[in-house]
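**Q** So the sequences go chain by chain: A and B. Taking this note's numbering, the leading residue of the first sequence gets 1, the next gets one more, and so forth. Taking this note's numbering, the leading residue of the second sequence gets 115, the next gets one more, and so forth.
Treat the hints with care, as some may be off.
What the hints assert, rightly or not - To give an idea of the chain B side of the interface with chain A (calculated C-beta under 10 Å), a few residues: (1) P121; (2) P217; (3) F219.
These are computed hints drawn from the structure, not numbers from a lab. Quick caveat: nothing in here was measured; it's all calculated off a predicted structure. Every residue gets a Cβ at the ideal spot worked out from N, C-alpha and C, and that includes glycine.
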Amino acid sequence: DVKVTQSSRYLVKRTGEKVFLECVQDMDHENMFWYRQDPGLGLRLIYFSYDVKMKEKGDIPEGYSVSREKKERFSLILESASTNQTSMYLCASSLPQGGTDTQYFGPGTRLTVL
Amino acid sequence: AQSVTQPDIHITVSEGASLELRCNYSYGATPYLFWYVQSPGQGLQLLLKYFSGDTLVQGIKGFEAEFKRSQSSFNLRKPSVHWSDAAEYFCAVGEGSGGSYIPTFGRGTSLIVHP
Numbered sequence: 001d002v003k004v005t006q007s008s009r010y011l012v013k014r015t016g017e018k019v020f021l022e023c024v025q026d027m028d029h030e031n032m033f034w035y036r037q038d039p040g041l042g043l044r045l046i047y048f049s050y051d052v053k054m055k056e057k058g059d060i061p062e063g064y065s066v067s068r069e070k071k072e073r074f075s076l077i078l079e080s081a082s083t084n085q086t087s088m089y090l091c092a093s094s095l096p097q098g099g100t101d102t103q104y105f106g107p108g109t110r111l112t113v114l
Numbered sequence: 115a116q117s118v119t120q121p122d123i124h125i126t127v128s129e130g131a132s133l134e135l136r137c138n139y140s141y142g143a144t145p146y147l148f149w150y151v152q153s154p155g156q157g158l159q160l161l162l163k164y165f166s167g168d169t170l171v172q173g174i175k176g177f178e179a180e181f182k183r184s185q186s187s188f189n190l191r192k193p194s195v196h197w198s199d200a201a202e203y204f205c206a207v208g209e210g211s212g213g214s215y216i217p218t219f220g221r222g223t224s225l226i227v228h229p
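Build out the structure end to end from the sequences listed, making use of the hints.
**A** This is the structure in structure tokens:
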């Protein structure tokens, strides 16, 4: 089974702190994604990566950056956390299959910024 | 640009009753369509997907979905709902891009199951 793990299930940080969210997948997938999930808004794509050291902006990249130094690991960075970044963050990975790719999701990190 | 609409925010059904969750998409070409389920406290899991061929797609957990091009719909159905089906359901449409697939998700439908 594909396994996507996220470093924390719950995280509480203070405004202005630098926050790292880590995601690791064990299936050698090329693609990795970071989403945020908010009630009534569904999933919104923050960043994705289709190869090591490659990254592309999603729909809401402002206030976030990412890092992919190894194929299995994709990190989301909040340079200076703000209260409007309180949310559920979901990581996913997939194998490129010409558009029919299945995404495999981690359990999510619920981040609260005070 | 592609988009997905799930018109129902919440659906309440009794255990044993049939279920239909609606999904409408906007996309120029033949879409790749997906349904995912998110159980409480968990990530999303693929239920089923459509990309070509038979328009009635079978998935896991007894779910099926039908692609109707004329109505731009991909509704999810289950003939008899179990209490464990209570979850959030997301429809997604994918657009191929150089071999990778960047999906657009709907806002989700929350399913409540009454005993």
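**Q** It remains to establish, for every hint, whether it holds in the given structure.
**A** Against the structure, the hints come out as follows:
1. P121: Since the shortest Cβ distance to chain A is 13 Å, the answer is violated.
2. P217: The hint holds - P217(B) has a Cβ within 10 Å of chain A, the shortest such distance being about 7 Å.
3. F219: holds (4 Å)
Checked against the numbered hints above, the structure violates only hint 1.
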